[in-house]
Amino acid sequence: MTDRPEARTAEHHTALASLVTAIRQLRGLTDQIGPFPLPSDADDRAPELVAALCRTLDVPLTFDAPTSGRAKDYAADALATEIRQAQRAPELADLGAEEIARLVADARRIADAQDEGYRRRTVTRPDGTVLTVVETGPLDAPCVVLSPACAMSHWLSRPWLSALGGAYRCVVAETRGTSGPIDDPEAFDARGHDVPTQTGDLTALIETLGTGPVHLMGMCGGAVPALLAARERPDLIGSLSLWHADLELGAEAEKTDHQVNMRAMLDLAGESRQTAAWMRGKLASGPLTGVPAGIGPLVARPYATTELFYRYARLTGATMHWDSRATAAALDSPCLLVTSRDDHIAHPAGSRRLAEILPDARLAVTEHGTHLDAFSATAEQRDALAGFLEECAKTR
Amino acid sequence: MTDRTAQPHTLDGPAPEQAPDDGPDGHVAGILAIAREILARPALSADDDLAAHGANSLSVVRILATALTELGLDIDPREITGAVTARSMAGVAR
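So the sequence lines, in the order shown, correspond to chains A and B.
First residue of the first sequence? That's 11 in the working numbering, and the numbers climb one at a time after it.
First residue of the second sequence? That's 324 in the working numbering, and the numbers climb one at a time after it.
Think of the hints as simulated: they come from the structure by calculation, not from any bench.
Remember, it's a predicted structure, so these values are computed and weren't measured experimentally.
Among the hints, erroneous ones may be present.
Here are some of the chain B residues that sit facing chain A, going by a computed Cβ distance under 8 Å [stated by the list, open to error]:
| hint | residue |
| --- | --- |
| 1 | Asn379 |
| 2 | Leu381 |
| 3 | Leu396 |
| 4 | Thr404 |
| 5 | Ala406 |
| 6 | Arg410 |
With a Cα cut of at most 20 Å, we get these calculated EDC-like pairs of lysine to aspartate or glutamate [what the hints assert, rightly or not]:
| hint | chain 1 | residue 1 | chain 2 | residue 2 |
| --- | --- | --- | --- | --- |
| 7 | A | Lys82 | B | Asp399 |
| 8 | A | Lys265 | A | Glu366 |
| 9 | A | Lys265 | B | Glu360 |
| 10 | A | Lys404 | A | Asp342 |
| 11 | A | Lys82 | B | Glu402 |
| 12 | A | Lys404 | A | Asp370 |
| 13 | A | Lys265 | A | Glu281 |
| 14 | A | Lys404 | A | Asp245 |
| 15 | A | Lys82 | A | Glu317 |
According to the in silico footprint, chain A covers these stretches of chain B (three or more CB under 8 Å from chain A) [unchecked claim]:
| hint | stretch |
| --- | --- |
| 16 | 384-391 |
| 17 | 397-403 |
For each residue, glycine too, the CB sits at the ideal point set by N, CA and C.
Can you build the whole structure from these sequences, using the hints too?
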């Protein structure tokens, strides 16, 4: 089937857009480490199309990793999930060269449309670290800055950027050492990665914006540097919201099994690259549990290689150990806390305890919601944020 | 370092009355103690499927890491055929 313009229906466009998105979710990974091998069954139905899209979208993936046996890497398998599923859409099957060429052109347009209104830039820190920053919205609008969980691509924050970008200048930075090419792995260690360093990145970014005081949103583990930044720099941060926060607040705040296991695992993986390699090898020897549909590749990215896993362990281990109680007790800014009763990743008891400690807190606990709903920007979440920002504006 | 083999660990519940058959290498009890603690399942037996008792990829890796650091056992889960249990882990431990 080489020429069938009648077939280029809305269904074809939707299928192609899903595949484009699935491939682009791995752009941050390949930007950092170069070509990455996915299992060979991840392009089994449309190999020519997938290869052409990878080229045009500048995401150098190969499809030659083992799909079974002892050499199978389940982290790579998790990273391939969305591409594997998207390229199996019936609309993308049995395409000829001309149709592929047309779809590649369409894919370029889809990617351009996805990026429309988004600005990408970098902030270079005095130690040489280059932070990747993505923003949207009018430059002169009130500013909202997102502090996501360590090592999470800005793609994960896109629902918030999209939801807020009409009325706000909305900015998200990726954690140090988790974007841009890795030229000198050990420079990451020399430059530091503790919570004060991560916090310094956040405040340095806000200073470069040249706006008035911003509203800062801390998501999951990103709540830790966000809280410290708000405490240290009230001149830069007028108000704070923390979404499904994962903080250390002492024994009074119950933790989930996930928090306990994750911290223990990261403690070991962060000891050295050798230990990280051992841990990653064990972890990737079986299916990764809890990888969410749709955004799995974004969440699984820190497990892609030993170096990324080591960095994730150092960065996230630091936030998981940082005791936020003193910082919270001394915070002058108003703070909105949002979580759900059934967040099985970051225990809602943490947000409840934080609300008790903070001098000026509003706590919103929904009945249902997964941990990653922090990034969903649901109507309920948008309303909660809008109401809080309106209240802050009145009292300012 | 806790000698878990010498002193099988129990948390908030009684250990099973029947002690596990430790096999020639005597690793089962130590691994079982680690699994009971990490999974917070004090009544877990040596032949219980860990996945059926709340284990996920994170907790299994933690069990493997603890077995290495506390018992000196390197366990490759790829060598396990069938359910992942304390006994099957001990069977492939080096």
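Verification of the hints:
| no. | hint | verdict |
| --- | --- | --- |
| 1 | Asn379 | 4 Å, holds |
| 2 | Leu381 | 4 Å, holds |
| 3 | Leu396 | 12 Å, violated |
| 4 | Thr404 | 12 Å, violated |
| 5 | Ala406 | 12 Å, violated |
| 6 | Arg410 | 18 Å, violated |
| 7 | A:Lys82 to B:Asp399 | 13 Å, holds |
| 8 | A:Lys265 to A:Glu366 | 17 Å, holds |
| 9 | A:Lys265 to B:Glu360 | 16 Å, holds |
| 10 | A:Lys404 to A:Asp342 | 16 Å, holds |
| 11 | A:Lys82 to B:Glu402 | 13 Å, holds |
| 12 | A:Lys404 to A:Asp370 | 15 Å, holds |
| 13 | A:Lys265 to A:Glu281 | 23 Å, violated |
| 14 | A:Lys404 to A:Asp245 | 18 Å, holds |
| 15 | A:Lys82 to A:Glu317 | 19 Å, holds |
| 16 | 384-391 | holds (count 5) |
| 17 | 397-403 | holds (count 3) |
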